[in-house]
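Q: Starting from the given sequences, assemble the full structure and let the hints guide the process.
Line order of the protein sequences matches chains A and B.
Under my numbering, read the first sequence as residues 1 to 198, first letter to last.
Under my numbering, read the second sequence as residues 1 to 332, first letter to last.
For the record, the hints were derived by calculation from the structure and aren't laboratory data.
For clarity, every value in this text was computed on a predicted model and none was experimentally measured.
We put the CB at the ideal spot given by N, CA and C, even for glycine.
Careful, some of the hints might be misleading.
Unchecked claim - In silico DSS-like links for lysine-lysine, alpha-carbon gap of 25 Å or less: (1) A:Lys45 with B:Lys208; (2) B:Lys64 with A:Lys24; (3) B:Lys64 with A:Lys189; (4) B:Lys43 with A:Lys158.
Unchecked claim - Among the chain B residues that face chain A by a calculated CB cut under 7 Å, a handful are: (5) Ser41; (6) Lys43; (7) Ile60; (8) Glu65; (9) His80; (10) Thr83; (11) Arg113; (12) Ile148; (13) Leu155; (14) Leu159; (15) Phe251; (16) Met261; (17) Gln262; (18) Lys308.
What the hints assert, rightly or not - From the derived model, a few chain A residues whose C-beta atoms are all more than 10 Å from chain B: (19) Asp11; (20) Ile14; (21) Val20; (22) Asn25; (23) Glu26; (24) Ser131; (25) Leu148; (26) Gly163; (27) Asp166; (28) Tyr172; (29) Glu174; (30) Tyr192.
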Amino acid sequence: MARMKFLCDADRCIECNACVTACKNEHEVPWGINRRRVVTINDGKPGERSVSMACMHCTDAPCAAVCPVKCFYTTADGVVLHSKDLCIGCGYCFYACPFGAPQYPKVGNFGSRGKMDKCTFCAGGPEADSSKAEYDKYGSNRLAEGKLPLCAEMCSTKSLLAGDGDVIAQIYKERVAKRGYGSGAWGWKTAYKETIAS
Amino acid sequence: MTMLLALGRSAIAALALAVLASIAVPASAQQPTQVNPTASSVKEDQLFRQMTRIDGRISIPDAKEGVLIQPAGQSWRQFHEVTLPWIGAIAILGMLALLVIFYLTRGMVRIERGRSGRTIMRFNAFERFVHWLTATCFIVLAISGLNITFGRQILMPILGPNGFASWSQYAKYAHNYLSFPFTLGVVLILLMWIAWALPNRTDVEWLKQGGGLVGNKHPPAARFNAGQKIMFWLVVLGGAAAAISGYLLMFPFYATDVEGMQTAQMVHGIVAVIFVAVMLAHIYIGTIGMEGAFESMGTGDVDLNWAKQHHPIWVEQEMAQSRGASQGAPAE
Ligand code: HEM
Ligand code: SF4
Ligand code: SF4
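A: Quick look at the structure:
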């Protein structure tokens, strides 16, 4: 089985935010929730870089470790998913997550925090694949249809890569070798405890 | 006419291009042919050598999402998974063990001269109401809070994932809503009793002699002895710390960023488990630890001999007051 990962080649990202928009549209993500975002480092200074970031589907995921109701599970593809039926909206997964991935609708007690929502690697949730219940809670399940996440599929510069970790690491390695530079596989050390030697 | 104008325009444009080219050519000739755009680019490794987390600019309104990577989440995970459960288990089980040992060796502190049959009012209805309001809220807050810390290990195997999740949802509602009456109770306790809880010289003597529970002597005390004064301040300060850190957690990211939220959770967790341990001792003394003590918060009236034994100065003050009152009243 493939081990699914994301990789953002920051030397290609042009901060067009198309991945953010595509994600919102594909999953009909509610207002105020950002499963993916683009962060620009050293904005306006020489050497600025933009990184598109969402849930990295960590190895030994910190969110899953701290969840008081244990509502996370990792699929055979290494995708970290959760059950909104079990989530109590305590917000702890956000404190543990290195990437700011978990999102909370402003509903529930005092409008502070509803059930957590995050990137599913376009793989839905615990409900039956591609069912209406799954779509309503988690958005579409592209993986079940044999497709990869939409954000990476439509990235105009092919900066954002999604898929089998070994394959995308190889693509990145070749790019770096060919062009002679690379600012690094952002987040890989933190999420997967490995880097891509380049 | 228009033809002429257009011609003129293109002539100017051509001239401008030629001028530009003449400036640009020597300039590019001076630069190295191969530009390395990565020489100045930010690199993850390099940033992590300089700082503990990576922040940037975002184009969405959610300011907390400007943090790109915060490895500190891993140390918070360590605190949540290992440190807090250990502190909690040691504090709470340790206190229970101590109390059991204490009860077995010391037993219930008796009213030495037996009950006199006469009573004296110690806490009025309002004081007792505030006490029990705070106490009930505290017990619910403690159970629903400890459910977040230990429920996954203890209750989840019994209730199953679905049962445990719905119980935890209700527990969270209870924890959130009862925080308000609890905070009110702590504020009222502060206002109501602070006058009797300020430390003075009798406390030093009381503490030296080990009080009425540890020692066997009965050092004099006014309405509150030093032990009770310490309990008062633990409740007021612990309640304040729990409330401030708790409201930061309840209204996330209004006042602080992710680092602040992690700190708030750490403070809240540690204060809470120690608070629970301290309250176990308080409950012990108020019930099986001391004969006649529970009545003060039960009916509000305590036996006079109990009062004389534990709070002689207070009894004298009360007696003097009532004598003064009866003397002041007109004869007949
Ligand atoms: C006074 C106002 C209080 C407020 C506003 C408050 C709020 C909170 C919040 C928001 C949480 C996070 C989990 C959740 O969403 O349910 C929490 C956790 C917790 N609270 Fe409170 N709380 C308060 C008082 C207390 C008191 C008095 C205790 C102890 C008796 C307590 C014990 C706990 C514990 C043990 C946790 C779990 C800590 C952990 O394992 O992370 N809380 N509280
Ligand atoms: S990126 Fe965050 S939410 Fe996603 S698996 Fe890792 S810790 Fe969990
Ligand atoms: S917010 Fe939900 S998913 Fe996140 S830790 Fe709390 S219960 Fe688990």
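Q: Would you mind marking each hint as holding or not holding in the structure?
A: Hint check:
For a cut-off of 25 Å, the pair hint linking Lys45 (chain A) to Lys208 (chain B) is broken: about 66 Å separates their Cα positions. For the suggested pair Lys64 (chain B) and Lys24 (chain A), the alpha carbons sit about 19 Å apart, so the restraint of at most 25 Å is met. Distance hint between Lys64 (chain B) and Lys189 (chain A) is fulfilled; the C-alpha atoms sit about 22 Å from each other, no more than 25 Å. For the hint linking Lys43 (chain B) to Lys158 (chain A), the alpha-carbon distance of about 19 Å falls within 25 Å, and the restraint holds.
Taking 7 Å as the C-beta contact cut-off toward chain A, the hint placing Ser41 (chain B) at the interface holds, the least distance being around 4 Å. Because the smallest distance between the Cβ of Lys43 (chain B) and any Cβ of chain A comes to about 5 Å, under 7 Å, the interface hint for this residue holds. At about 6 Å, the closest approach between the beta carbon of Ile60 (chain B) and any beta carbon in chain A falls short of 7 Å, and the interface hint on this residue holds. A least Cβ separation of about 5 Å between Glu65 (chain B) and chain A falls short of the 7 Å threshold, and the interface hint therefore holds.
Interface restraint check: His80 (chain B) against chain A, minimum CB-CB distance 5 Å, threshold 7 Å, status holds. Hint on Thr83 (chain B) is violated. Least Cβ distance to chain A is approximately 12 Å, over the 7 Å limit. Checking Arg113 (chain B) against chain A by beta carbon gives a least distance of about 52 Å; that is not within 7 Å, so the hint is violated. The interface hint given for Ile148 (chain B) holds, since its Cβ lies 5 Å from the closest Cβ of chain A, which is under the 7 Å cut-off.
Below 7 Å, beta-carbon pairs count as interface contacts, and Leu155 (chain B) has none with chain A, the closest being about 10 Å; its hint is therefore violated. Given hint, Leu159 (chain B) at the interface with chain A, is violated; its Cβ is 11 Å from that chain's nearest Cβ, farther than 7 Å. Annotation: Phe251 (chain B) was flagged as interfacial toward chain A, and the flag holds, the nearest CB pair being 6 Å apart, inside 7 Å. The interface hint given for Met261 (chain B) holds, since its Cβ lies 6 Å from the closest Cβ of chain A, which is under the 7 Å cut-off.
Hint status for Gln262 (chain B): holds, given a least beta-carbon distance of 5 Å to chain A, under 7 Å. A hinted interface residue such as Lys308 (chain B) counts as satisfied when its beta carbon comes closer than 7 Å to some beta carbon of chain A; here the least separation is about 50 Å, so the hint is violated. Against chain B, the non-interface label of Asp11 (chain A) is violated: not every CB pair exceeds 10 Å, the least being about 7 Å. Residue-level check passed: Ile14 (chain A) sits 13 Å from the nearest beta carbon of chain B, beyond 10 Å.
Distance check on Val20 (chain A): its Cβ comes as close as 8 Å (rounded) to a Cβ of chain B, failing to clear the 10 Å threshold; non-interface status is violated. The claim that Asn25 (chain A) is not at the interface with chain B holds, since no C-beta of that chain comes within 10 Å of its own (minimum 15 Å). Remark: the non-interface label on Glu26 (chain A) is consistent with the geometry, its nearest Cβ contact in chain B lying 17 Å away (cut-off 10 Å). For Ser131 (chain A), the requirement that its beta carbon stay farther than 10 Å from each beta carbon of chain B is met, with the minimum near 19 Å.
Consistency note on Leu148 (chain A): stated as away from chain B, and its beta-carbon is indeed over 10 Å from all of that chain's, at 23 Å minimum. Non-interface call for Gly163 (chain A) relative to chain B: holds, since the shortest CB-CB distance, roughly 21 Å, exceeds 10 Å. Look at Asp166 (chain A): its CB is around 20 Å from the nearest CB on chain B, clear of 10 Å, so calling it non-interface holds up. For Tyr172 (chain A), the non-interface assignment is confirmed: its Cβ lies about 13 Å from the closest Cβ of chain B, beyond the 10 Å cut-off.
Annotated as non-interface, Glu174 (chain A) keeps its C-beta farther than 10 Å from every C-beta of chain B; the closest such distance is 16 Å. The Cβ of Tyr192 (chain A) sits about 13 Å from the closest Cβ of chain B, beyond the 10 Å cut-off, so the non-interface label holds.
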